[in-house]
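The opening position of the sequence shown corresponds to residue 4 in our numbering, with each subsequent residue numbered one higher.
Note that these hints are calculated values from the structure, not bench results.
A virtual CB, placed ideally from N, CA and C, is assigned to each residue, including glycine.
Treat each hint with caution, since some may be false.
[Claimed, not checked] Beta-carbon label-pair distances, calculated as ranges:
1) Ala-300 with Thr-21: 16 to 26 Å
2) Ala-159 with Gln-250: 43 to 53 Å
3) Asp-155 with Gly-71: 26 to 36 Å
4) Arg-238 with Glu-59: 27 to 37 Å
5) Leu-63 with Asp-319: 23 to 33 Å
6) Gln-221 with Val-281: 46 to 56 Å
7) Leu-63 with Asn-165: 24 to 34 Å
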Amino acid sequence: MSLQEVQSTATLLPLEFTPLLKRARWGGERLGTILQKLIGLEGDFGESWELSDHPEAPTLIASGEYAGSTLSEVIGQNPQAMYGAGTCYSTFPLLIKFIDATDRLSLQVHPDDSHLPDFDARKAGKSEAWVILDAAPDSRIYAGLKAGVDADELGAHLEQGNVEACLHSYPVRPGDCVFIPAGTLHAIGEGILLAEVQQTSDITYRLFDWNRLDQSGQPRPLHVEQAFNSINFQRGPVDLLEPQLRQDADHRVETLLESSCFSIRRHQSASPLRLPSVNRAQILIVLEGTGQLECSAESYELFQGKTLLVPAAASDCQIVVEHEMTFLEVIPG
Numbered sequence: 004m005s006l007q008e009v010q011s012t013a014t015l016l017p018l019e020f021t022p023l024l025k026r027a028r029w030g031g032e033r034l035g036t037i038l039q040k041l042i043g044l045e046g047d048f049g050e051s052w053e054l055s056d057h058p059e060a061p062t063l064i065a066s067g068e069y070a071g072s073t074l075s076e077v078i079g080q081n082p083q084a085m086y087g088a089g090t091c092y093s094t095f096p097l098l099i100k101f102i103d104a105t106d107r108l109s110l111q112v113h114p115d116d117s118h119l120p121d122f123d124a125r126k127a128g129k130s131e132a133w134v135i136l137d138a139a140p141d142s143r144i145y146a147g148l149k150a151g152v153d154a155d156e157l158g159a160h161l162e163q164g165n166v167e168a169c170l171h172s173y174p175v176r177p178g179d180c181v182f183i184p185a186g187t188l189h190a191i192g193e194g195i196l197l198a199e200v201q202q203t204s205d206i207t208y209r210l211f212d213w214n215r216l217d218q219s220g221q222p223r224p225l226h227v228e229q230a231f232n233s234i235n236f237q238r239g240p241v242d243l244l245e246p247q248l249r250q251d252a253d254h255r256v257e258t259l260l261e262s263s264c265f266s267i268r269r270h271q272s273a274s275p276l277r278l279p280s281v282n283r284a285q286i287l288i289v290l291e292g293t294g295q296l297e298c299s300a301e302s303y304e305l306f307q308g309k310t311l312l313v314p315a316a317a318s319d320c321q322i323v324v325e326h327e328m329t330f331l332e333v334i335p336g
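Start from the sequences and build out the full structure, keeping to the hints where you can.
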């Protein structure tokens with residue numbers, strides 16, 4: 004059946020995706036042991052792309068009448084059903100990942116739209132947010148520069164191989180959330196498992212790789228000039244977000260982030276709850292517990308590590324909780 008035929012006969016219901024699992028030298032086992040990804044016995048998986056409409060790495064719809072299609076193919080048939088009135092993106096604007104870092108990731112920056120060179124003009128800048136799921140006792144993140152650090156000081160420390168002296172860093176624990184606006188120098192530290200919400204872009208400029216060498220004794224390629232051109236030296240340190248709590252009976256809701264790019268709320272409940280109707284696409288990311296999402300007589304399993312996209316046109320959706328659930332609700336800007 005073609006997409007046109009499906010569109011004429013079907014309501015746009017919640018969408019499940021087949022994750023893209025990516026190996027990395029800094030990867031580990033927790034995508035499988037904690038988040039139930041099918042990684043086998045290997046211990047070097049660093050990323051699970053849960054929902055992606057990036058043209059070079061799209062996640063395919065896993066079930067239902069759109070199985071095997073990309074998000075762009077579905078959106079192209081009825082963008083208003085996906086986004087709601089007044090919003091239209093040909094490519095879905097957000098990308099969802101889980102990241103398991105057993106070692107520090109390289110120090111990097113993502114440009115904003117104004118700092119993209121001509122050859123990247125068809126792409127987009129990238130802001131992102133991290134929600135920490137697991138962390139070792141000494142795990143820390145690097146988020147921005149210390150107050151007052153300018154390009155000259157950063158460049159001098161880079162030449163000396165001790166960039167860390169310029170970085171704002173702090174320990175993290177499960178539940179913490181940080182927003183990394185485009186133009187912010189950053190790195191995920193050792194021992195951290197996190198959920199990442201980001202704009203749909205994969206432009207990364209590596210500034211420093213902690214003086215590491217690869218198996219052949221060579222340093223990793225860096226993008227020093229592009230990184231310096233992309234860093235917002237006026238921003239300074241970036242600290243953890245302070246959740247805004249709302250408690251409705253036994254339903255706990257924390258607003259973690261409201262930005263022009265996206266918003267994130269964390270829900271916790273042991274009882275059934277109705278999914279808020281916002282006339283916008285909503286992404287659900289299950290962090291703990293089990294249950295079902297019931298929508299238009301269809302049921303979708305919810306469990307730790309599951310990601311679902313609920314289109315704006317999907318109405319009257321309810322979450323039935325089996326074991327107390329914690330999940331993120333992400334709404335594009």
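### Task
Provide an ascending list of the numbers of those earlier hints which the structure does not satisfy.
Of the numbered hints, 3 and 7 do not hold.
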